[in-house]
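What follows is each chain in one-letter form.
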Amino acid sequence: MANLVLPDAVLVKNYISGDESALASLIERHQSKIYGFIYSKVNDRDLSDDIFQDTFIKVIKTLKTKSYNEEGKFLPWVMRIAHNLVVDHFRKSKKMPFQRETEEYSIFNYMSDNAPTVESKMITEQVEYDLTRLLNELPDDQKEVLIMRMYQDLSFKEIADLTGVSINTALGRMRYALLNLRKIIEKNQIILTN
Amino acid sequence: MAKLYSKKKLAPQNMLPKKETISFLLNYSKALSAYKVGNVSIEIIAN
Numbered sequence: 307m308a309n310l311v312l313p314d315a316v317l318v319k320n321y322i323s324g325d326e327s328a329l330a331s332l333i334e335r336h337q338s339k340i341y342g343f344i345y346s347k348v349n350d351r352d353l354s355d356d357i358f359q360d361t362f363i364k365v366i367k368t369l370k371t372k373s374y375n376e377e378g379k380f381l382p383w384v385m386r387i388a389h390n391l392v393v394d395h396f397r398k399s400k401k402m403p404f405q406r407e408t409e410e411y412s413i414f415n416y417m418s419d420n421a422p423t424v425e426s427k428m429i430t431e432q433v434e435y436d437l438t439r440l441l442n443e444l445p446d447d448q449k450e451v452l453i454m455r456m457y458q459d460l461s462f463k464e465i466a467d468l469t470g471v472s473i474n475t476a477l478g479r480m481r482y483a484l485l486n487l488r489k490i491i492e493k494n495q496i497i498l499t500n
Numbered sequence: 002m003a004k005l006y007s008k009k010k011l012a013p014q015n016m017l018p019k020k021e022t023i024s025f026l027l028n029y030s031k032a033l034s035a036y037k038v039g040n041v042s043i044e045i046i047a048n
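Protein chains in written order, with this note's numbering: chain A, 307 to 500; chain B, 2 to 48.
Chain B extracted, bound-state conformation (with noise of 0.2 Å):
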């Protein structure tokens, strides 16, 4: 049988993104309302 010599690729388990990157994306999703009117849509981004 033939041997395969190519390596596999050495990635780190459980590859997360960082905790402030979800933060940021739950709180930005929370503070925009984003509506679509005909072809235009528009978007709110509360403070």
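Next comes chain A alone, as it looks inside the complex (with noise of 0.2 Å):
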């Protein structure tokens, strides 16, 4: 209660010297002035705190590193380092737009996982295991070919010279797997999408 009455010059002094309720009376002191400032610049609660916030810290750092120079101006002084954080606010804002979170706005919906999630890891796993199944029902000629172009990533000109046969005879092959598997699919209804 006695530091309601103390100036500031001796509070901070108070302060300096390890009373901690020093600050206490210093904050509840200038704290509407500092605010209401920062307020009327900024015109938001929760950023106005933040800047009171960062402002103290600053004041807490300076006085208890020795580095303030007592001149009877705490306020002014307290009130320009409000006044330079608020100027920083702008300047930040101003490269980087900021968007509060709304019912309308969502940053949920302009950012997304491209991880695939358990569900599409498991469609992935069923169509993979539907499509061995559909392979071994293919002929072995046809199966072969299949497998070295898509799986092996093989050219027909390397499949035909490892299958001994022509390009032209490999290329039929691959014409006629793709055309079973699409009927294999199509008698057997099986829908093969991620």
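Be careful, since some hints might not be right.
Said to hold, decoys possible - Within a straight-line C-alpha distance of at most 30 Å, the following computed DSS-like cross-link-like pairs (lysine-lysine) qualify:
1) K449/A - K493/A
2) K20/B - K398/A
3) K37/B - K364/A
4) K31/B - K379/A
5) K347/A - K370/A
6) K37/B - K347/A
7) K379/A - K20/B
8) K427/A - K400/A
9) K31/B - K20/B
10) K319/A - K379/A
11) K31/B - K449/A
12) K400/A - K37/B
13) K370/A - K31/B
14) K37/B - K367/A
15) K427/A - K489/A
16) K379/A - K427/A
17) K20/B - K463/A
18) K400/A - K372/A
19) K463/A - K449/A
20) K31/B - K364/A
21) K20/B - K449/A
22) K347/A - K20/B
23) K398/A - K19/B
24) K19/B - K347/A
25) K427/A - K20/B
26) K364/A - K379/A
27) K31/B - K400/A
28) K449/A - K427/A
29) K339/A - K364/A
Unchecked claim - Among chain A residues calculated to face chain B with C-beta under 10 Å, some are:
30) I363
31) I366
32) R406
Because the hints were derived from the structure by calculation, they are not lab data. Think of the CB as a built atom: it goes at the ideal place given N, C-alpha and C, for glycine as much as any other residue.
Once you've looked at the hints, go ahead and assemble the two chains, each given alone in its own frame, into the complex.
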């Protein structure tokens, strides 16, 4: 209580000497003016609280490192810090437009997680399993060409050389392999989509 | 006498920061120890 009648200069001195209650008195004495000043510039309660907090963090650090020169101008000094932080805020927000989360605007509408979900992983596994079973239904020569082309990424020239047939035969086998796969899929009404 | 048409800005009275903000600052102050050695300032925050 006694703190309330002491001048700022004395409270600052007491705070520097380790009296934590002096800071509480200083904040209580000037909070309305400083907060009101910040709010008049930014017009946002939450943002004002943030800047108010940052202002006093600077004040605390300066006082604790004994870098403050007492000239009987505690409030103007704090106001100057607040003013600079407000300017900093507008400078930053000019470079980086800020959008607050509202009912109409949600950041998650614009952000997406590209990692596969458990569900999409299960679907992929199922599709791959079904496809393997389908391939086993194909005649061996067609299956061989399709696996070399799709899974081993070989060219038709390479496939032709490896299987000992002409390129046209390899191409034909691939064509029949795809046609047969399509037939089996349609016949069994299999859905192969991710 | 000329009339003043400008409206006084409607600012709520007694604008005060949140209690949590003040409480944070007081706790932060208690936890912080700062020293200046030459040009280097050292800050220690106690848990």
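Okay, the hints, checked on the actual structure:
no.: 1; hint: K449/A - K493/A; verdict: 19 Å, holds
no.: 2; hint: K20/B - K398/A; verdict: 27 Å, holds
no.: 3; hint: K37/B - K364/A; verdict: 15 Å, holds
no.: 4; hint: K31/B - K379/A; verdict: 24 Å, holds
no.: 5; hint: K347/A - K370/A; verdict: 28 Å, holds
no.: 6; hint: K37/B - K347/A; verdict: 34 Å, violated
no.: 7; hint: K379/A - K20/B; verdict: 26 Å, holds
no.: 8; hint: K427/A - K400/A; verdict: 42 Å, violated
no.: 9; hint: K31/B - K20/B; verdict: 17 Å, holds
no.: 10; hint: K319/A - K379/A; verdict: 13 Å, holds
no.: 11; hint: K31/B - K449/A; verdict: 75 Å, violated
no.: 12; hint: K400/A - K37/B; verdict: 35 Å, violated
no.: 13; hint: K370/A - K31/B; verdict: 11 Å, holds
no.: 14; hint: K37/B - K367/A; verdict: 10 Å, holds
no.: 15; hint: K427/A - K489/A; verdict: 26 Å, holds
no.: 16; hint: K379/A - K427/A; verdict: 65 Å, violated
no.: 17; hint: K20/B - K463/A; verdict: 77 Å, violated
no.: 18; hint: K400/A - K372/A; verdict: 34 Å, violated
no.: 19; hint: K463/A - K449/A; verdict: 17 Å, holds
no.: 20; hint: K31/B - K364/A; verdict: 14 Å, holds
no.: 21; hint: K20/B - K449/A; verdict: 73 Å, violated
no.: 22; hint: K347/A - K20/B; verdict: 21 Å, holds
no.: 23; hint: K398/A - K19/B; verdict: 24 Å, holds
no.: 24; hint: K19/B - K347/A; verdict: 18 Å, holds
no.: 25; hint: K427/A - K20/B; verdict: 48 Å, violated
no.: 26; hint: K364/A - K379/A; verdict: 16 Å, holds
no.: 27; hint: K31/B - K400/A; verdict: 35 Å, violated
no.: 28; hint: K449/A - K427/A; verdict: 26 Å, holds
no.: 29; hint: K339/A - K364/A; verdict: 17 Å, holds
no.: 30; hint: I363; verdict: 7 Å, holds
no.: 31; hint: I366; verdict: 5 Å, holds
no.: 32; hint: R406; verdict: 17 Å, violated
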